[in-house]
Amino acid sequence: MNRELKRVTIVILAMFAALFLSVTTIQFFSADALAGDSRNARTINNSYSNQRGAILVDGQPIAQSVPSADQYKYQRTYTNGPLYSAITGYYTLDQGSSGIEDALDQELSGTSGSQFLSQLNNIVTGQNPQGASVELTIDPKVQQAAYDALGDLQGAIVAVEPKTGRILAMVSKPDYDPNVLAAHDTDSVIAQYNALIADSGNPLINRTLNGNFDPPGSTFKIVTSSAALQNAGLTEDHQLPNPALYHLPESDRTVQNAGGGTCGPGDTVSIKTAFVLSCNIPMAELGVEMGQKGLTDMAKAYGYNSGFDTPIPVQASQFPPLEDDATLALSSFGQASVRASPMQIVEQSMAVANAGTIMQPNLVDDVRAPDLTVLKQFEPKTLSQPITSVTASTLSSWMVEAVNSGAATNARIEGVSVAGKTGTAENGTGDPYTLWFTGFAPADNPQVAVAVVVQNGGGLGESGSGNEVAAPIAKKVLEAVLNK
Amino acid sequence: MASDGGVVAASTTEAAPATKPVRRIHVPEKLRNLEIFLLLLACLVNAGAVVLVQLGAEGAVDYGQVALLGAGLSVLVIGAHIALRFVAPNADPFILPIATLLNGIGIAEIYRIDLQIPGSTGWDSTAVRQVVWSAIAIIAALVVIIALRNHRVLQRYTYVFMALSGVLLVLPLLPGIGKEIYGARVWIGIGPLSFQPGEVAKIALAIFFAGYLVSRRDSLSVVGRKFLGMRFPRGRDLGPILVIWAASMSVIIFQRDLGTALLYFGLFVVMIYVATARLSWVIIGVGLFLGGALIASRVLVYVNDRFSNWLDPFSTTNYDAQGGSYQLVQGLFGLANGGLIGTGLGQGQPDITPLAQSDYIVASLGEELGMAGLFAILALYLLFIARGLRISFAGTDDFGRLLGIGLTFVIALQCFIVIGGVTRVIPLTGLTTPFLAAGGSSLVANWIIVALLLRLSDTVRNQPRLVV
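These protein sequences, in sequence, are chains U and Z.
Using full-length UniProt numbering, read the first sequence as starting at 1 and increasing by one per residue.
Using full-length UniProt numbering, read the second sequence as starting at 1 and increasing by one per residue.
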């Protein structure tokens, strides 16, 4: 009988081993994931008694929790709420959160794994837990300049250091005041939230990263030219036919250059001239000449069709599979079904500015515990390298020429060599244009890359252009960085 | 080990416990002194737990409540200890303190959840009722240990216990006294009192199985056909296991109680294996149960729901469904909220989870005491089970050894079914956690198991030839 008893003992031990294992799995390994579940009422209740960490810009809080007299103990307040609304996002008691408040919620609420020791300390000392503070990469002067420059227009601006990926400014308009959603009166919060959702300007959406993206228009010619120089092995003097009207392959539709004429004088035109003057017909011809694979591969190398975290998640820009050569031709100058976020467009400038390498755009410098020890430090990280330094330097010289004497002259700054590319994207017959500018400065030692998008035609319907509306805005942002 | 006939002969000639052994190897006082030391320690921890609950939840200590909830249990178990000094001086010194500690921690956590429920005072307080039930349970245990001076008496009533377990199982199905609570028909109600006869039935079943298997082991183990290196039983010897299987399946179908069915059937399979040493019984048993459960999961909606809740509790469909995974998921959230060291007694939010005082007491304790606390509780159970196994290993008669393993295994399996259900090792079924969970029937049954194990262990140590 003893042999059987030993075996039963082993079975009992195995059953308890399973229990020990499952308890460990739930309470240790997946505890963070379970706490992060949106249905977990305990996490929300716990957050009331924690002092949530601050979000800092240049050491000054733009979002912080101050003691309040009611049951929730702390009130979240936003300094200059509308100015930073795209970045901070909002934080409600029980209606969700967005932006940095959402992306770094575990750190701010003090529940991330790296804060375990301080949690332990709090339990031993009986103190209420305190969240970590988050120091942003944002430069308040540049942010303010960008915010003012966009004025009341609907659109977005993002400015990044090309060498590090640190985001200096991020603006999306219309904006909103996150303070109204941080109130402790749930009914009022829901009413305010519903009003913001109903607003046709979609203020809750950070347009630099999310939403219904616009066609990139001529800013996409950076990608098309990269494919030509790099993958197709063409030189900047490669000649293309120069008609005033282009029939799309296997289609009865036609394409014109902006302004209606040919792209400069002559029967043929070089890639460089087509880029500097931002002509559509030669770019369409170039795209068809390289073939569908050439352009698709380069678009993907630049980051189309993939997202990343800033740590706010960036929605992927779209370069859908090409159906035919007509779509290829239209895609070559950023029309058809190509859709890009301002973040995607600034990455194109970042690659050109930084010898072909895109550093991952990032909003956070570090996360600091209440005692100011650094819990997490963000280091510059390569996102991708779509082009070589040779291609980058060629494109850089074209973009400088576009600003000096081409299609982007409104971004010129006295005494500084600015590189830029405009875009004026069509959204369908009768719909207002989307106006773009992207570029960087100084061209020989880039300090900042910028992308500006103005939606709804900037109030000019189908008559505005990127150079007219977006370039002057970008110029102010560049100046704010360079005049520091 | 003695043959069937030998055991019966021995039981008739064996000296009654009143007769002193020829030569004492153990000094019983040492065992009892160890027991009273551990008991006082357990009582101290229990009272401390109530104080911590009050400090955590209310910020102040209510000494009246501490006395009511802590001292009540302490007086009774110390009374039990004194009784043991006279009627079972050689009984195992660990079993009583472990049961006391688990019972007391359970009361403290039940009281903690009471504090969240408005109007939980006097008889409406689950904790107060749990203390009263504990008193009834410990008195029942005392009656058993005083009245039953020799466990072998039980063997004579093998078929009485069979009939008793049958009656207890059928009771909840009778119209008039049977009650359906949370979808399971396992309760009887007389006036305001509810009782789960199935809890007591597990003891009657263990005694019946032990008696039956000891007398039938030869025909169940020796005869049969060899197949794949194992000896399988003859067709006509399959009768008993088929009857038990059918009974378990009817529990699933008519009482809608998966956990109890698994408990009874698991108990039988382990006991028949230990009695006959035939692995083929385990294979037949597990095969029959899995087959039955598989068919049940296809045919019976509530069984199917249990499985899909288990496999994918976080899906919105299961979470929002009536009888869906809401409770399971809330329990997991609670455990996660506890983390490694818990929120501290009185400082978590265990009341969010439905049935936090009974079926989900483990999740409640896991939230407030953390992984460290649950490990300690699991270790207490393991220690309790280890003492039971020790009795089985060292026993001198086959009936006692089989009864010992049966009672021990039923505790182990019940822990596994309920804690495993809460922590998603197996599908969730409604069973009570022994000693911890709110519920009178469960307390009475488990304290009677304590009494039987104490009686068995006293007999073991009373054998002069055995040095344990």
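The hints are simulated quantities; they were obtained by calculation from the structure and are not laboratory data.
Beta carbons: idealized from backbone N, C-alpha and C, even for Gly.
Warning: the hint list may mix true and false statements.
The calculated lysine to any residue pairs, modelled on SDA-like cross-linking and capped at a C-alpha distance of 20 Å, are [unchecked claim]:
1) Lys73(U) / Glu58(Z)
2) Lys6(U) / Glu58(Z)
3) Lys6(U) / Thr396(Z)
4) Lys73(U) / Thr396(Z)
5) Lys381(U) / Lys272(U)
To spell it out: a stretch of chain Z is covered by chain U in this simulated footprint if at least three of its residues, at any positions, have a beta carbon under 8 Å from a beta carbon of chain U; those stretches are [what the hints assert, rightly or not]:
6) 64-77
7) 200-207
8) 239-245
9) 337-347
10) 420-429
Okay, the hints, checked on the actual structure:
1. With a CA separation close to 18 Å, the supplied pair Lys73(U) and Glu58(Z) stays within the 20 Å bound.
2. For the proposed pair Lys6(U) and Glu58(Z), the alpha carbon gap of about 48 Å is over 20 Å, so the pair is violated.
3. Taken as a hint, the Lys6(U) and Thr396(Z) pair is honoured in the structure, with Cα atoms around 17 Å apart against an allowance of 20 Å.
4. Proximity of Lys73(U) to Thr396(Z) is assessed by CA-CA distance (about 66 Å); at most 20 Å being required, the pair is judged violated.
5. A hinted pair counts as satisfied when its Cα atoms are at most 20 Å apart, and Lys381(U) with Lys272(U) does not qualify at roughly 32 Å.
6. Restraint check on the segment 64-77 of chain Z versus chain U: 0 residues with Cβ-Cβ distances below 8 Å, three needed, restraint violated.
7. Chain U is given as covering the segment 200-207 of chain Z, and this is violated because 0 residues of the stretch bring a CB closer than 8 Å to a CB of that chain, at least three being needed.
8. Using a Cβ-Cβ cut-off of 8 Å, 0 residues of the segment 239-245 of chain Z lie near chain U, which falls short of the minimum of three, so the contact claim is violated.
9. With a threshold of 8 Å between beta carbons, the proposed coverage of the segment 337-347 of chain Z by chain U holds, since 6 of its residues qualify and at least three are required.
10. For a cut-off of 8 Å, the count of residues in the segment 420-429 of chain Z with a CB near a CB of chain U stands at 4, and the three-residue condition holds.
Checked against the numbered hints given earlier, this structure breaks hints 2, 4, 5, 6, 7 and 8; the rest are met.
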